[in-house]
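Visitor: With the hints as your guide, set chain B onto chain A.
One-letter residues, chain by chain:
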Amino acid sequence: MNLQRSPNLKAALLALVMFSACAFAAGLVLPLFKIEPRAEEWTEALKLLAPGKMQSKEFTLLGGIAGMWQGGEWALATILALFCVVLPLAKLSILTVEAGAPEALSDRWRQFMKSVSRYAMVEVFVVALLVMLAKGMPGGSRMELGIGTTAFVLSVLTGLAAGQIEKRR
Amino acid sequence: MAKTSYPFPPSVSQDSPSSSNLKVLWLALAPLVLVGLLSWGFVSFGQGNSALLTEGKTYAVWVKELEVDPKRSDGRPWDFDGSAPDLAVAIGWEGHELLRTTVADNSVLATWDPVALKVSTLLKGEISRGEAQRLAKFRMHKGMEIVLGVYDHDLVDAESIASTRLKVDQLVFGLNQLASGKGVRRLILAVEEVDQVGMPQPNEHDPLLVEWSTENPVELAGSASLFGEQTQQLLQGLSEEMSLTFEDLSEKYQKQIEELALHLQDELKAARIDAEQASITLEQELRKLRKSLKAELGK
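Residue numbers (the working numbering), protein chains in the order written: chain A, 4 to 172; chain B, 35 to 333.
Chain A on its own, in the form it takes in the complex:
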């Protein structure tokens, strides 16, 4: 099916890309997860004596990357920024051009988007990795997924769907 000849497909693609962009924005700045520190039977005592240390803490993707960068973990911060911010944004840009002006997109850019799409699952992997890491926290500490994670996963899934539509052209 050719996008240039199928306006419905183009509209669907553009709608998906825009939805993905909105969800992506939410995923970047809204809390991905919240950690509630626990220290087994000492939890209540520590809450009493050091309430600041036992406060639950929310983490955002951009905040996490910025924290890593400030903490000197430049390599990890760069990798996360590349795979979780730059490449998804590049993919969204190319998909928008594909929806709006498919004939203007060169084969080189299409090839680039295919390469980027391969790494789309890396975003899911990063979230999964964080969840797995947080599950193993000591002292019965708990982690609750935040709205940012939902938004991020939605962004990834709609991005994948948009990529599938683009592939059908």
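Simulated from the structure, these hints should not be mistaken for laboratory data.
Only part of the chain B face toward chain A is listed, based on derived beta-carbon distances under 7 Å:
id, residue
1, 57
2, 58
3, 61
4, 62
5, 65
6, 66
7, 68
8, 69
9, 76
10, 77
Only a predicted model underlies this, so the values are computations on that prediction, with no experimental measurement involved. Glycine is no exception: its CB is placed at the ideal position from the N, C-alpha and C atoms.
Guide: Positioned in the frame of chain A, the structure of chain B alone reads:
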């Protein structure tokens, strides 16, 4: 078949190359701009909402930091011995004292925690969170006004340094710095949710405009005398402790003296016995000598 209208620009092939490139550029930038604007919007919305206190909700307020001028406004030192003041802050509402901090001795800059435990409370063995927390809790409603009193705690009383009235509508969630005045350089109040006390979020807001007065507010009239009572209790405790210490010491030395006397008596007895034995031995030896001399002379 009816022609479907859709929200896309016409085919690029109909445009000139420059307008085509421009369109591609705009399309490529569109999601970036959208993501940027939405991210900024989410962050601003979150910050704006989190900073405001919600009507009807219960909050905890505590004094995080207080800084006063190094000397009184007339140039005299705070304490008669030239030392820094012993700072304390009280918060009152409608005639009730909601919070009284511990006394920060000899400080021009005092900081407090939301948790302060007396040793006597700890010794009880079982402590509720309320006993440990030094918080003023209030239910937010518009127009509510709290009073703040800053005190220099002396040996017998507490002298009011400055006081002010503050509408809780002015407060924001997190740290609130109050404008300076009447010897108070900086006073920071922390406002948090009751269950989440301990790490107030920093705020970039300007200091809250308040007017400081040197008068002790009516609501906190009892605070100064309460600080005085604290000192009296402290002194009483100290004197009791000291008298106990002296009693202990006197008992201890009395025992030592008695033990020493007994020991000396024993030593004297032993010396006397030794002397008696020596004199007996000496007499015996003399007798022997006398006998042997007589025998020699008889020969």
